[in-house]
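Okay, so the sequence shown: first residue is 0 according to numbering that gives the first Met the number 0, each after it adds one.
In case anyone wonders, no lab produced these hints; they're calculated from the structure.
Where hints are given, some of them may not hold.
25 Å max Cα-Cα, derived DMTMM-like pairs, lysine to aspartate or glutamate [to be verified]:
#1 K215 / D198
#2 K136 / D163
#3 K215 / E190
#4 K215 / E157
#5 K144 / E60
#6 K136 / D178
#7 K215 / D178
#8 K136 / D185
#9 K144 / D163
#10 K136 / E153
#11 K144 / D198
#12 K215 / E135
#13 K215 / D185
#14 K144 / D97
#15 K215 / D29
#16 K144 / E103
#17 K144 / E157
#18 K215 / D138
#19 K136 / D198
Computed from a predicted model, the values in this text were never measured in an experiment.
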Amino acid sequence: MTLPITLLALFSLAQTPEPATDPGLRIVWDLHPDAASEPFLDWLRDRGWCWGVEVPANAAEADFDRVRSRGMAAIPQLHAHPHTRAWHWSRRNTPMPDLAATVELARRISGGRPLMQMFMEDDSAGVGFSARLLREKPDTHGGAKALWDLYLREAMGELGPYPDLTVWGMAGFARSAHDYMRHGIDCVIVERSNDDIEDLQTAVAFARGASRQYGK
0 MTLPITLLAL FSLAQTPEPA TDPGLRIVWD LHPDAASEPF LDWLRDRGWC WGVEVPANAA
60 EADFDRVRSR GMAAIPQLHA HPHTRAWHWS RRNTPMPDLA ATVELARRIS GGRPLMQMFM
120 EDDSAGVGFS ARLLREKPDT HGGAKALWDL YLREAMGELG PYPDLTVWGM AGFARSAHDY
180 MRHGIDCVIV ERSNDDIEDL QTAVAFARGA SRQYGK
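Please work from the sequences and hints to get the whole structure.
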């Protein structure tokens, strides 16, 4: 139900300049916080609109603290699937953060209730699964679906040692919401800011349907 909640929050912001204090409204920002962004973090805090900030896993712990010290949740971002994780960091020519160390960081900064964003449109072109689809070239829709399910099983298998971890996942396509939840992702976000994917109403319908079907 993350998408409808976010939409409600944005609607509230459009209607009033006053801070949104309803605990059911959560806006999460995507940012690598540093010293230069501290005035912006102050603004997010002072307006009362922002519940948390997603932060790249390679950020210094002091950068996570910039968020936490302002009363907002700091949520590490790191792909769950090992091949996607390695590719993501290699294309940036940046050392890959260690999964176990990042989970431990998430524990420290959350008071023992770790939360991470671990699927970032893995179903979309140029992220993770699309490259595998092109390499293995399944010749039927069923074969492609089986390969997608295998990808998600492999990704979630990486997280088996961390049963206390709450996993967020962003789906590029609305229909992937059901697949994400079926494979155990705790909170699903559906991307809607591109012009080459389904419309907003479709996204809301799939997000609600997946949430009801899997009790999220």
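ask   = Given the hint that K136 pairs with D185, does the C-alpha gap stay at or below 25 Å?
value = Between K136 and D185 the Cα gap is close to 30 Å, so the pair fails against 25 Å, i.e. violated.
key: Pairwise hint evaluation, D198 against K144, where the allowed Cα distance is 25 Å at most   = Within the cut-off at roughly 22 Å; holds.
task = Take a quick look at whether K144 and E60 sit within 25 Å of each other, Cα to Cα.
result = Violated - the C-alpha atoms of E60 and K144 are around 39 Å apart, more than 25 Å.
inquiry  = Hinted pair, alpha-carbon criterion (25 Å max): K215, E190. Please report holds or violated.
reply    = holds (18 Å)
task = Mind checking the alpha carbons of K136 and E153 for me, to see if they're no more than 25 Å apart?
result = With Cα atoms ~19 Å apart, K136 and E153 stay inside 25 Å; holds.
query = Taking only the CA atoms, is the gap from K144 to E157 under or equal to 25 Å?
reply = The given pair, whose Cα atoms are some 20 Å apart, holds under the 25 Å limit.
ask   = For the pair supplied as a hint, K136 and D163, is the alpha-carbon distance within the 25 Å limit?
value = violated (36 Å)
request  = Take the C-alpha atoms of K215 and D198, compute the straight-line distance between them, and say whether it is at most 25 Å.
outcome  = The hint holds at about 23 Å.
ask   = Are the Cα atoms of K136 and D198 separated by 25 Å or less?
value = Distance ~28 Å between K136 and D198 Cα, so the pair is violated.
query = Going straight from one Cα to the other, do K144 and D163 come out at no more than 25 Å?
reply = It is violated: about 29 Å lies between the C-alpha atoms, which goes past 25 Å.
25 Å limit on alpha-carbon distance, applied to hinted pair K215 and E157 = holds (21 Å)
inquiry  = Check the hint pairing K215 with D29 against an upper bound of 25 Å on the C-alpha distance.
reply    = Cα-Cα ~23 Å, so holds.
In the structure shown, a violation is registered for the earlier hints numbered 2, 5, 8, 9, 12, 14, 16, 18 and 19, in ascending order.
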